[in-house]
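Residue numbers (our numbering), protein chains in the order written: chain A, -15 to 258; chain B, -15 to 258; chain C, -15 to 258.
These aren't lab readings, by the way, just hints derived from the structure by calculation. Check each hint, because a few of them may be wrong.
Which copy? The list can't say, so a pair holds if one copy fits it or any two copies do.
[What the hints assert, rightly or not] In silico SDA-like pairs for lysine to any residue, Cα to Cα no more than 20 angstroms straight-line:
id	residue 1	residue 2
1	Lys243	Ile253
2	Lys178	Thr245
3	Lys243	Asp165
4	Lys248	Pro55
5	Lys59	Ser37
6	Lys178	Cys(-3)
7	Lys164	Gly227
8	Lys243	Ser225
9	Lys157	Glu251
10	Lys248	Asp90
11	Lys(-8)	Arg258
12	Lys243	Arg222
13	Lys164	Glu221
14	Lys243	Thr224
15	Lys243	Glu221
16	Lys146	Asp165
17	Lys164	Glu34
18	Lys(-8)	Lys59
19	Lys157	Pro55
20	Lys164	Asp135
21	Lys164	Asn257
22	Lys164	Ala86
23	Lys178	Lys243
24	Lys178	Asn(-9)
25	Lys178	Arg(-6)
26	Lys243	Ile137
27	Lys178	Leu(-5)
One letter stands for each residue in the lines below.
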Amino acid sequence: MFAEILNKVRLDCPLVHCITNYVTVNDCANVLLACGASPVMADDEREAEEIVSIASALVINIGTLNSRTIPSMFKAGRRANELGRPVILDPVGAGASSLRTATAMDLMREIDFAVIRGNISEITSIAGGESKTRGVDASASELLDGDLPADVISLILKLREKTGAVITVTGPKDIVAGEKDLYIVRNGHPMMSKVSGTGCMLTAITGAFCSAAPSDIAVAAASAAGMFGVAGEFAFERLTSEGGGTSTYRSYIIDEVSKMTPEKMREAIKIENR
Amino acid sequence: MFAEILNKVRLDCPLVHCITNYVTVNDCANVLLACGASPVMADDEREAEEIVSIASALVINIGTLNSRTIPSMFKAGRRANELGRPVILDPVGAGASSLRTATAMDLMREIDFAVIRGNISEITSIAGGESKTRGVDASASELLDGDLPADVISLILKLREKTGAVITVTGPKDIVAGEKDLYIVRNGHPMMSKVSGTGCMLTAITGAFCSAAPSDIAVAAASAAGMFGVAGEFAFERLTSEGGGTSTYRSYIIDEVSKMTPEKMREAIKIENR
Amino acid sequence: MFAEILNKVRLDCPLVHCITNYVTVNDCANVLLACGASPVMADDEREAEEIVSIASALVINIGTLNSRTIPSMFKAGRRANELGRPVILDPVGAGASSLRTATAMDLMREIDFAVIRGNISEITSIAGGESKTRGVDASASELLDGDLPADVISLILKLREKTGAVITVTGPKDIVAGEKDLYIVRNGHPMMSKVSGTGCMLTAITGAFCSAAPSDIAVAAASAAGMFGVAGEFAFERLTSEGGGTSTYRSYIIDEVSKMTPEKMREAIKIENR
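Assemble the whole structure, with the sequences as input and the hints as a guide.
Encoded structure:
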């Protein structure tokens, strides 16, 4: 179920339109190519609607948002909704500034998102809870590795109901909450949090996977999280055998996405349906 | 003939001013350093003319163009023309939006380009043909590896005549069309299309090479394409011996540019003058 | 003294707010994570003050400055001053355009900087001397490896007095001029100048180190320069044993920062107090 979507992406080669931050945009472009999709980055108001109309999915990432790109996000999002293309939101840094929180909230009001992916701080902020965001990374302690705290689950479900979107919360384990299913993804490696942009990359991949499996967005989102986590595990194995550090690890993660196969996913993926 | 230009770049260390997209700008900066040039990225309207006046070449790349950077492209381009510096155009994504196509057309009307480099979709769009652009990458089938289709050649020649620029069309093989010569460059590796920014990097290198050989721009453009293709071949050899993926490949391509010598170029370059 | 600050950064995990260029921003984010800090990049006028108020340090880098980001630099800088957070200036390309030189001068007038880090061309420009900037890199000859030229020292001291900031001048050897101390840092490797962004990365690290040692900014700045230089040396050793080029070198530098320990620093750091 999860592994087939990768094949579909490689067959379809979906064009994924990203309006995203300039910090990790290159990694997003390269990881999209690595998983078999094709990236197009375009954030000018005058071309956002036209570009999204030739794309199979739209990814809106609010890192380094600004007065020029925010209107493009709305225009592209509305057009994607009209055309029935999946739209993914990455509320980078929501909770860290009122501009980011308010923009994420406004986007959620105006645009139907297929998936919203963030860390627990960001998801808490936009779900209307108390945010503890300090920038763009969530500390490990914010998402316990043991049992899921009830308040975290209830927040995620609240946001899911409010938006109708599948919610992906990433951390030591990832949670993907769909309408009927709640997936727990136990893949990945703690060192991924030491690489800038792993969250943004997963969001971009989620866009590609959703375009390949529009009839079950929760499965697509869980599959993306599992696949990327598996890539992080394989990359860590290769890294430790060679003595590399965080920058080599970044490269290896993208490498492993480019070398991923459904077979490897089937063997390594650890997704539980609660 | 082709290999000497690399030496010249390394001796001159030309400053190359790039107004380019934020997706692949870091790769452009690093590949310019790797080939012996020096990059300067500057896109504000208030400094574009001043920066270009201390540079040896100007590269205009319209990926992620926007309302703020477009006027800077025109200002810098006109100034470079006045000063007799070579100006290179990379019409990234022309055909994908009317903003990009129109901006490329306007630039070609107002500015004399030494070289225009794009994939066949982009070149088709700006030559006034039927475009099939879907984003920024050309599918392999768009440029046949066997005989050159007559309509492709005729389009390239049409654009060359219209603009007076040398036209570089990259794909499974590269075509460099100058006033008198038509070079076919049979270097490179298909995996280069799986790395974001290989086209942008070649455009940046072309700027450096043109500044080093202003008297024969077609030779400079063909040399740049051949050198970069050879780097792609060497990088692929190193990659396969180590089992890497697309991100490591990206690094190795830039590595091989930094380790390139005229001797290596002479041995490996496959350029045919039709 | 120098090595302890790294431990402090790893314990504090300071949030470092960067308003920086889009060329090397990803490297700055990754090197901050590698040294134990946490990056947040935010340049919109409407969030700059709010973001800096949750950060432990602010880094202002004027590469690819523009009409939209310049006001954010001033707002964030003033707010950081009010809150007593260290602010670091990287005057990238000062001397190459009047916009850059004037912006750096205006910033120095309005904002109290803890550290200003640049190459000798940039520092010369903003100290009011004759600049020889050609873009963003300083040629090796601009900073002699032998004895310090008296006019270089006098310029640095002049800028220190004018601004009250610690001045870090990087080159074949780095000079860190504080109120009482003048440190000469003899770490690093010439190949670092072939990687785009090594200067920007050091500036970002300097922000993290200053937040960890606010009571002695000169020691923090010298420690950052020494640590980064040591990483460059270790990276070069690993590189040559594997036959890599400049892009692999870039990765290895960040790798070595992520693997740095106070013990390694103590052994390899070469800092002299004049």
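Outcome of the hint check:
no.: 1; hint: Lys243 <-> Ile253; in the structure: within (15 angstroms within a copy, 29 angstroms between copies)
no.: 2; hint: Lys178 <-> Thr245; in the structure: between (25 angstroms within a copy, 16 angstroms between copies)
no.: 3; hint: Lys243 <-> Asp165; in the structure: neither (29 angstroms within a copy, 41 angstroms between copies)
no.: 4; hint: Lys248 <-> Pro55; in the structure: neither (41 angstroms within a copy, 49 angstroms between copies)
no.: 5; hint: Lys59 <-> Ser37; in the structure: within (11 angstroms within a copy, 32 angstroms between copies)
no.: 6; hint: Lys178 <-> Cys(-3); in the structure: between (30 angstroms within a copy, 12 angstroms between copies)
no.: 7; hint: Lys164 <-> Gly227; in the structure: neither (43 angstroms within a copy, 41 angstroms between copies)
no.: 8; hint: Lys243 <-> Ser225; in the structure: both (18 angstroms within a copy, 15 angstroms between copies)
no.: 9; hint: Lys157 <-> Glu251; in the structure: within (18 angstroms within a copy, 39 angstroms between copies)
no.: 10; hint: Lys248 <-> Asp90; in the structure: neither (40 angstroms within a copy, 49 angstroms between copies)
no.: 11; hint: Lys(-8) <-> Arg258; in the structure: neither (26 angstroms within a copy, 41 angstroms between copies)
no.: 12; hint: Lys243 <-> Arg222; in the structure: both (13 angstroms within a copy, 16 angstroms between copies)
no.: 13; hint: Lys164 <-> Glu221; in the structure: neither (35 angstroms within a copy, 48 angstroms between copies)
no.: 14; hint: Lys243 <-> Thr224; in the structure: both (18 angstroms within a copy, 12 angstroms between copies)
no.: 15; hint: Lys243 <-> Glu221; in the structure: both (14 angstroms within a copy, 17 angstroms between copies)
no.: 16; hint: Lys146 <-> Asp165; in the structure: within (17 angstroms within a copy, 59 angstroms between copies)
no.: 17; hint: Lys164 <-> Glu34; in the structure: neither (34 angstroms within a copy, 39 angstroms between copies)
no.: 18; hint: Lys(-8) <-> Lys59; in the structure: neither (28 angstroms within a copy, 46 angstroms between copies)
no.: 19; hint: Lys157 <-> Pro55; in the structure: neither (34 angstroms within a copy, 40 angstroms between copies)
no.: 20; hint: Lys164 <-> Asp135; in the structure: within (19 angstroms within a copy, 54 angstroms between copies)
no.: 21; hint: Lys164 <-> Asn257; in the structure: within (10 angstroms within a copy, 64 angstroms between copies)
no.: 22; hint: Lys164 <-> Ala86; in the structure: neither (29 angstroms within a copy, 47 angstroms between copies)
no.: 23; hint: Lys178 <-> Lys243; in the structure: between (22 angstroms within a copy, 12 angstroms between copies)
no.: 24; hint: Lys178 <-> Asn(-9); in the structure: between (29 angstroms within a copy, 17 angstroms between copies)
no.: 25; hint: Lys178 <-> Arg(-6); in the structure: between (29 angstroms within a copy, 12 angstroms between copies)
no.: 26; hint: Lys243 <-> Ile137; in the structure: neither (34 angstroms within a copy, 36 angstroms between copies)
no.: 27; hint: Lys178 <-> Leu(-5); in the structure: between (32 angstroms within a copy, 15 angstroms between copies)
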